[in-house]
Structure formats: C-alpha cells, structure tokens
Amino acid sequence: MKIIWMSANKLGIELLESAILIRDIRIVAIVTLKEDSKTVMYDSVPFKEWNRFKIPIIRVDNINENIDKIKKLAPDLIVACGWRQIISDSLLNLPPKGVVGFHPTLLPYGRGPAPIINSILCGVKKSGLSMFYLSTKVDAGDIIGQEKFIIEANDFAGDVYDKVIASGHKLVRKYLPLLTEGKAPRIAQNEKRATLFPKRKFSDNEIKSEDAPELIYAKIRALARPYKGAYIVRDDKKIIIWDADIVKNDEK
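Taking numbering that gives the first Met the number 0, the leading residue of the sequence shown gets 0, the next gets one more, and so forth.
No wet-lab data here; the hints were simulated from the structure.
All clues given are correct.
Below, in silico cross-link-like pairs of lysine to aspartate or glutamate (DMTMM-like), each with a Cα-Cα straight-line distance of 25 Å or less:
| # | residue 1 | residue 2 |
| --- | --- | --- |
| 1 | K198 | D60 |
| 2 | K70 | E180 |
| 3 | K53 | D67 |
| 4 | K70 | D141 |
| 5 | K200 | D158 |
| 6 | K198 | D141 |
| 7 | K227 | D158 |
| 8 | K227 | D42 |
| 9 | K227 | D242 |
| 10 | K227 | D210 |
| 11 | K207 | D244 |
| 12 | K70 | D23 |
| 13 | K173 | D75 |
| 14 | K9 | D158 |
| 15 | K173 | D161 |
| 16 | K200 | D210 |
| 17 | K182 | D23 |
| 18 | K237 | D42 |
Construct the entire structure; sequences and hints are all you get.
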C-alpha cells in the first residue's frame with residue numbers, strides 16, 4: 000500500500016517511525032510545511048529532521064494548492080498527523096482508502112482546536128487519542144480506533160503530549176495493517192455526544208489577579224512546553240511561567 004505521510008509536528012515524525020516498519024506499507028512521500036508557513040505549529044520539527052528517513056519530501060504552504068503533485072504519486076492512503084489546515088474535498092476523495100488522521104481526545108468529545116490545552120483547562124481525567132477518517136466536517140469522521148490514557152492532576156502539557164505519542168504508536172501498529180487489508184473498523188461518531196472546544200487567543204494565556212489558584216495552576220500546566228507558556232504582566236512586560244506547584248497553607 001502506497002501512503003503519503005502528511006505532518007508538520009513532533010507527533011507526526013514520531014509515528015512515522017512506527018509506520019515505516021510495517022510490512023506491505025511504502026511511504027512514497029512526506030508532505031510537510033515550509034518553515035515560513037503561516038500554519039507552522041508550536042511543536043513543529045526542523046525540516047532537516049525529516050531528511051533522515053530518505054523519503055521524498057514535498058514542502059507546501061497550503062496542501063490544497065498542491066493536489067496535482069499528490070495525484071501524480073497515486074497514493075492508496077494519506078495519513079495526516081499534526082496538520083492544522085483544513086483538507087479540501089478534492090484531496091479527501093483522492094486516495095481510494097481515504098485520508099486518516101489523529102485527534103488527542105476521545106472523540107466525539109473535545110473536537111476542535113488546542114485539544115491538549117483545553118483538556119487540562121477543563122479538568123479532563125479520562126482522555127486518549129482517536130484515529131479516524133477525515134471528513135469535510137472537522138474531527139467528525141468515522142472512528143478507526145482509540146487509545147485511552149489518564150491525565151493526572153499534576154500532568155503538564157508535555158506529560159500529556161508524551162502519552163499521546165505513546166498512544167499513537169499503538170494505534171499505528173494496530174490499524175495501519177488493517178487499513179492495508181481493508182479490514183479497519185469504521186464507527187460513526189454519535190453527534191448527540193459531540194462537544195467542541197473553543198478557539199483560543201494568545202491573550203487567553205494570561206494569568207490574571209482574579210484567577211483562582213486552581214485555575215492559575217491549570218493554565219501553567221496546560222500551556223507549558225511545547226506550547227507558548229502562561230504569563231503574567233508586570234510593568235507592561237510579559238513574564239512566562241513554565242513551572243509551578245500548589246502549596247497548601249495549613250495556618251488557621
């Protein structure tokens with residue numbers, strides 16, 4: 000099976016390590032973003048990191064403007080892993096086995112942007128990574144499989160990200176062979192149970208004086224690396240806080 004691997008972040012490069020070891024799978028190209036693209040992600044990896052796979056690389060600003068290049072490669076399947084751009088119908092319908100992607104929540108819960116950040120801010124405990132068929136509606140395609148994990152009370156964004164990567168390896172090893180054989184599950188999402196995370200602005204990262212201690216701690220954890228960090232403003236300067244702990248005051 001010929002696969003195009005489409006990714007611009009650490010999760011994608013990590014999971015590609017598992018994909019290239021699977022029998023009967025050939026990665027014919029890696030599609031990644033140009034380093035000056037407007038949609039480069041916080042956890043993007045340098046272009047040179049992709050070179051180590053010795054696989055042809057296509058660098059794009061907008062994937063939907065490069066469909067002819069994709070069509071010439073005649074992929075059976077496209078795997079989009081860590082890709083923020085919305086993929087057009089023309090590209091979704093191009094490979095016979097479809098386009099599959101990943102989302103770090105247990106869909107249909109938590110569709111939409113910044114899923115790791117929002118999961119921590121919302122106090123989600125039981126989370127996971129979903130592998131699913133991409134569709135015209137964001138994060139709403141049929142589920143292939145899910146791998147669950149727990150977000151601990153003291154987990155920072157990087158800790159959750161590591162759990163996402165570990166879950167992704169399991170999903171790739173289990174379901175890419177089934178996709179090759181045409182035996183992968185296809186489970187429709189329950190729209191009645193769907194939730195959508197809100198879009199975030201950089202100003203949402205600010206810790207404000209009126210924030211409760213629990214919210215402050217959640218912001219620091221949720222926005223820690225690989226993200227941009229929660230910050231306070233002092234004397235018109237932004238001070239980023241990367242680490243913190245809650246200390247209980249036992250004084251009465």
